Amino acid sequence: MSLLEFGESVHEKAQKLAGEAKDANQIAKILCDQDPQGHNYGIGIMLDGAGQAMGSSSVLLEYAAKELDSSREGNYMNSAKWMNELKESVLKWQRIPEQHWDHFILALPSDAGTGTVKTGVELAALMNPNLRQIGVEKLGWPAYKAIARVSRMEVAEFDSDAICAGTDILPIYQAGPMNTTGRVRSESVIRERAKSAEKQNLSVVLDRAYPGFEFARLVETHSYDAILAKSYELQIQPFIDEGVSFSITLSPTKAFVTFALRPCGMLLVFCPDKSRITEVNNLTSMIVRARGSSFENPISRAFVKAMVQDRARLETEHQEALKRLSNAESTWRRLVQGTPIEDLYSENYAGLFRNPSARPDAAVHIYNEHIYPVFAQGRCRQNVTGIPDDEQLAMRHVAVFAEQCSL
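Each number in our numbering comes from the position in the sequence shown (counting from 1) with 1287 added on.
Source of the hints: derived by calculation from the structure; they are not laboratory data.
Quick caveat, the model's predicted, so the values are computed rather than measured.
For each residue, glycine too, the CB sits at the ideal point set by N, CA and C.
Keep in mind that a hint or two might mislead.
Ranges of calculated distance between the beta carbons of each label pair, as one might list FRET restraints [unchecked claim]: (1) 1686 <-> 1436: 34 to 42 Å; (2) 1627 <-> 1603: 32 to 40 Å; (3) 1508 <-> 1474: 45 to 53 Å; (4) 1295 <-> 1476: 36 to 44 Å; (5) 1295 <-> 1577: 46 to 54 Å; (6) 1437 <-> 1415: 13 to 21 Å; (7) 1507 <-> 1364: 36 to 44 Å; (8) 1680 <-> 1627: 33 to 41 Å; (9) 1678 <-> 1293: 21 to 29 Å; (10) 1452 <-> 1473: 49 to 57 Å; (11) 1430 <-> 1560: 44 to 52 Å; (12) 1560 <-> 1599: 53 to 61 Å; (13) 1432 <-> 1579: 17 to 25 Å.
Cut-off 30 Å, straight-line C-alpha distance, at most; resulting in silico cross-link-like pairs (BS3-like, lysine-lysine) [stated by the list, open to error]: (14) 1432 <-> 1353; (15) 1353 <-> 1610; (16) 1592 <-> 1561; (17) 1425 <-> 1517; (18) 1303 <-> 1374; (19) 1303 <-> 1316; (20) 1309 <-> 1517; (21) 1303 <-> 1486; (22) 1432 <-> 1309; (23) 1368 <-> 1316; (24) 1379 <-> 1610; (25) 1425 <-> 1482; (26) 1561 <-> 1486; (27) 1379 <-> 1517; (28) 1303 <-> 1425; (29) 1432 <-> 1482; (30) 1309 <-> 1610; (31) 1561 <-> 1374; (32) 1432 <-> 1303; (33) 1353 <-> 1486; (34) 1316 <-> 1432; (35) 1482 <-> 1309; (36) 1482 <-> 1592.
Using the sequences and the accompanying hints, generate a full structural model.
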């Protein structure tokens, strides 16, 4: 009997699922769910030290229960009357200085983060009919390519730390740790991207799914306010300073741990020329209506009210998510010392994921330990928060990843 018999059998299942057109994320979840001893490193949610999903936001659950109770009559309902207060609350959450507030408008795409990015792309296309391409970083979020296709645009990939340039292009920059790899762009790179966008008169989409996550390691030594302010200064301020037209796409899913609830996303649009505020607001409202987002579902309405009335409690939940990530990263950092993947836990990387290269037969060896990351394009994407609190188990898992993966 082969020592890798179990891993080989799981790998065969994975290949069969791929043949049934399941994507890599689906495959990781299906395989893990089928294994009673499975350790989840694949699915993109916040996990606790036992490998289970962290509990959903208690604040949003509380507001959702009230909102459902108030939805007994079958009326159309939306959050229009809350929008001014909500905009102020979102800007405060993002630690954007008050002197810039009147340059922003806010929209609420109902379909969370993905729909918010799509809305940002649609707005840019309406503002500039010459757009033909969406610029995305290599190894970036796969959904960008799907958004480009349904928007009838081409995809232009650019290298890490590169500047996306061209007269007919809409750059999408991840304003936080890169979703798939955890790479954090340096201040110098972000400032050069902002300067390039201003020089070429390009609009930009800043995808900010993980605000503050790049500084989770500081959560024990810095206040929550300081962490969010540092994140703003690194990711957003350079584009404001250069007077770039940009959209910030925000999702409450990761920050407030609302994966199961899927409330609306938040689109903040920055207009350096305030004379265009009305035009941009009208276009954004048209897109929201066309997307069917004018009347929100009760979870989205509940989130709006919670954000307006209880932002401090939501921010406390965000801080708890950062603490869980910080603890997980600390464990990894300690255990990968001296291994080929040590640099993945330097200050150049942060956030939920790491995505090292994998040996050709890595999947068999990793599956054999009942470990389920995401395998795609010769890489092994790991959810950092999958690391268990059990020290011996964590050491074993890290040893397998370090043996089978490299930068």
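A quick look at each hint next to the structure:
1. 1686 <-> 1436: 34 to 42 Å: For residue 1686 and residue 1436 the Cβ distance comes to about 40 Å; the hint holds.
2. 1627 <-> 1603: 32 to 40 Å: Taking Cβ atoms as reference, residue 1627 and residue 1603 lie about 38 Å apart, which means the hint holds.
3. 1508 <-> 1474: 45 to 53 Å: violated, 20 Å
4. 1295 <-> 1476: 36 to 44 Å: Given about 42 Å between the Cβ atoms, the range holds.
5. 1295 <-> 1577: 46 to 54 Å: holds, 50 Å
6. 1437 <-> 1415: 13 to 21 Å: For residue 1437 and residue 1415 the Cβ distance comes to about 18 Å; the hint holds.
7. 1507 <-> 1364: 36 to 44 Å: For residue 1507 and residue 1364 the Cβ distance comes to about 42 Å; the hint holds.
8. 1680 <-> 1627: 33 to 41 Å: violated, 21 Å
9. 1678 <-> 1293: 21 to 29 Å: Holds: the Cβ-Cβ distance is about 24 Å, inside 21 to 29 Å.
10. 1452 <-> 1473: 49 to 57 Å: For residue 1452 and residue 1473 the Cβ distance comes to about 19 Å; the hint is violated.
11. 1430 <-> 1560: 44 to 52 Å: The hint (44 to 52 Å, Cβ to Cβ) is violated, given that residue 1430 and residue 1560 are roughly 30 Å apart.
12. 1560 <-> 1599: 53 to 61 Å: violated, 34 Å
13. 1432 <-> 1579: 17 to 25 Å: Once the Cβ atoms are compared, 24 Å apart, the range 17 to 25 Å for residue 1579 and residue 1432 holds.
14. 1432 <-> 1353: violated, 38 Å
15. 1353 <-> 1610: holds, 29 Å
16. 1592 <-> 1561: holds, 28 Å
17. 1425 <-> 1517: holds, 26 Å
18. 1303 <-> 1374: Given pair residue 1303, residue 1374 is violated - Cα atoms ~47 Å apart, limit 30 Å.
19. 1303 <-> 1316: Holds, at about 14 Å.
20. 1309 <-> 1517: Violated: residue 1309 and residue 1517 sit about 39 Å apart, past 30 Å.
21. 1303 <-> 1486: The given pair, whose Cα atoms are some 49 Å apart, is violated under the 30 Å limit.
22. 1432 <-> 1309: Given pair residue 1432, residue 1309 holds - Cα atoms ~17 Å apart, limit 30 Å.
23. 1368 <-> 1316: violated, 40 Å
24. 1379 <-> 1610: Given that 30 Å is the threshold and the Cα spacing comes to 21 Å, the pair holds.
25. 1425 <-> 1482: holds, 21 Å
26. 1561 <-> 1486: holds, 19 Å
27. 1379 <-> 1517: holds, 14 Å
28. 1303 <-> 1425: Answer holds: residue 1303 to residue 1425 is near 27 Å, not above 30 Å.
29. 1432 <-> 1482: holds, 25 Å
30. 1309 <-> 1610: violated, 33 Å
31. 1561 <-> 1374: With a Cα-Cα distance of about 16 Å, the restraint between residue 1561 and residue 1374 holds, given a limit of 30 Å.
32. 1432 <-> 1303: Given that 30 Å is the threshold and the Cα spacing comes to 24 Å, the pair holds.
33. 1353 <-> 1486: violated, 49 Å
34. 1316 <-> 1432: Holds. Residue 1316 to residue 1432 sits at ~22 Å (cutoff 30 Å).
35. 1482 <-> 1309: Distance ~41 Å between residue 1482 and residue 1309 Cα, so the pair is violated.
36. 1482 <-> 1592: violated, 37 Å
When held up to the earlier numbered hints, the structure conflicts with 3, 8, 10, 11, 12, 14, 18, 20, 21, 23, 30, 33, 35, 36 and fits the remainder.
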